[in-house]
Structures are given as C-alpha cells and as structure tokens.
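What follows is each chain in one-letter form.
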Amino acid sequence: AQSVAQPEDQVNVAEGNPLTVKCTYSVSGNPYLFWYVQYPNRGLQFLLKYITGDNLVKGSYGFEAEFNKSQTSFHLKKPSALVSDSALYFCAVGAFGNEKLTFGTGTRLTIIP
Amino acid sequence: NAGVTQTPKFRILKIGQSMTLQCTQDMNHNYMYWYRQDPGMGLKLIYYSVGAGITDKGEVPNGYNVSRSTTEDFPLRLELAAPSQTSVYFCASSYSLGGSGNTIYFGEGSWLTVV
Numbered sequence: 004a005q006s007v008a009q010p011e012d013q014v015n016v017a018e019g020n021p022l023t024v025k026c027t028y029s030v031s032g033n034p035y036l037f038w039y040v041q042y043p044n045r046g047l048q049f050l051l052k053y054i055t056g057d058n059l060v061k062g063s064y065g066f067e068a069e070f071n072k073s074q075t076s077f078h079l080k081k082p083s084a085l086v087s088d089s090a091l092y093f094c095a096v097g098a099f100g101n102e103k104l105t106f107g108t109g110t111r112l113t114i115i116p
Numbered sequence: 782n783a784g785v786t787q788t789p790k791f792r793i794l795k796i797g798q799s800m801t802l803q804c805t806q807d808m809n810h811n812y813m814y815w816y817r818q819d820p821g822m823g824l825k826l827i828y829y830s831v832g833a834g835i836t837d838k839g840e841v842p843n844g845y846n847v848s849r850s851t852t853e854d855f856p857l858r859l860e861l862a863a864p865s866q867t868s869v870y871f872c873a874s875s876y877s878l879g880g881s882g883n884t885i886y887f888g889e890g891s892w893l894t895v896v
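Top to bottom, those sequences are chains G and Z.
Letter by letter, the first sequence follows residues 4 to 116 of this note's numbering.
Letter by letter, the second sequence follows residues 782 to 896 of this note's numbering.
Mixed in with the good hints there might be a few duds.
[What the hints assert, rightly or not] Sample of chain Z residues facing chain G (criterion: CB under 8 Å; computed from the structure): (1) M822; (2) L826; (3) G844; (4) L878.
[What the hints assert, rightly or not] DSS-like, lysine-lysine: derived pairs with alpha carbons at most 27 Å apart: (5) Z/K825 with G/K25; (6) Z/K825 with G/K103; (7) G/K80 with G/K52.
If you are wondering where the hints come from, they were derived from the structure by calculation, not from laboratory data.
It should be emphasised that the depicted structure is a prediction, and the values quoted were computed from it without experimental measurement.
Ideal placement from N, C-alpha and C gives every residue a C-beta, glycine not left out.
Could you build all of it, start to finish, from the sequences and the hints given here?
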C-alpha cells in the first residue's frame, strides 16, 4: 500500500523568507510525486510533479521540490515567500500501474507580512 | 477554458433526502474521479471511472453511487443522506492513470451539508 505523510499541519513563514513544506512517502517501486495547492473555497490546483530524471523539479509560482530517494522525501520549497502563497498544500504519491493517487492530509501555509 | 465543472457549489440536505452532484469535463479525459475532503483528513477517493460505462469503488464508496454514460459526464448520487456525508466534494479528471504520473485536474468543489 502506498502512503504519504505531511508531518506539519501548519507552517508560518515571514514574507520574504524561504519556505519549506515537508512530505515523505512510502510506495512499492518508483514513485510519482505531486504537489497541489488549494486556496480558500477553491479546488486543488496542480503545482508540480516528479516522474523521473532531475531530482529538482520546478513548478508554478516559483515553487520547486526536491526528490530524495534515500530519505523518501519530496519537500516543497520557495526561496522568498509571498503573502499570496498562503494556502493549503497537498502532497500526493502514485506508482506505475496505479489508478489511484494517495493524498496527504495537507499543510496550511501562512505567510506573515 | 472550462476544464472540470461541477454543480451545485453549495447545498443543504435534510437527513434521508437524495441528490445528485453533477460533473462534466471538456478535456476529453478518459479517467474521472470523485473525492471528498474532510478537515484534517486530506482527500479520500469515493469512486472513479476509467472510461464510459466503467466505474469502480475507491476508499469510501458507501452511501454513494455513480454512473458514466459519456466521456464528459460523471455524476455522483447520494442516497438517503446522512450527517456523515457533510463534506466538500471534488470531481476530477485525468487523461490516463492518475496514480501513474498523469496530472489530475480538479473542479472547484461542492460544499454539502446534511442536517
């Protein structure tokens, strides 16, 4: 069975500081990893994904994530946080042949002006 | 671009009532999904479909039914609504297997309250 953990329910970061939202996963075989963002009263929006290749993946709105196979992690990062980055962030994992994507419980990111 | 469209956005149901959440996508995606989102619980898969006429259960199918008569539409039926079905429901679609690296696109959500 595959699973994903987002160990922090809430992350607070001052505007302009770098941010990290953590994600670890468990899956049989090579993982496919995703980050989605949800703004209040909206659906989930795709940010970025790792399928294969370069461990550093760049996505929308200046976000990037680093795949670390030995630590089974896929942390989301941004060098300089904006107030508009405040939202709920979901990590998700799948694997080859899976119909289903497994989502984490989400991390609420708040950027403090 | 419309993408995935679901209606209604908000609905209040009385216990025991039934209703259908509508979902349509215009991206010609084969795969469609229904998720529910509860606070602190992430997203749970209710049902999914790999194509017209084919549906399968997800993690939490009890109390729900689906059908897929066309590629575009994937309605979710709630029979005999219960307070435990109070949640936010998301319809989603992908070109191919969502768990195999294909991006899943979500609708805006339907907020359902059962009283």
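Of all the hints given earlier, name the ones this structure violates by number, lowest first. Number 3 only.
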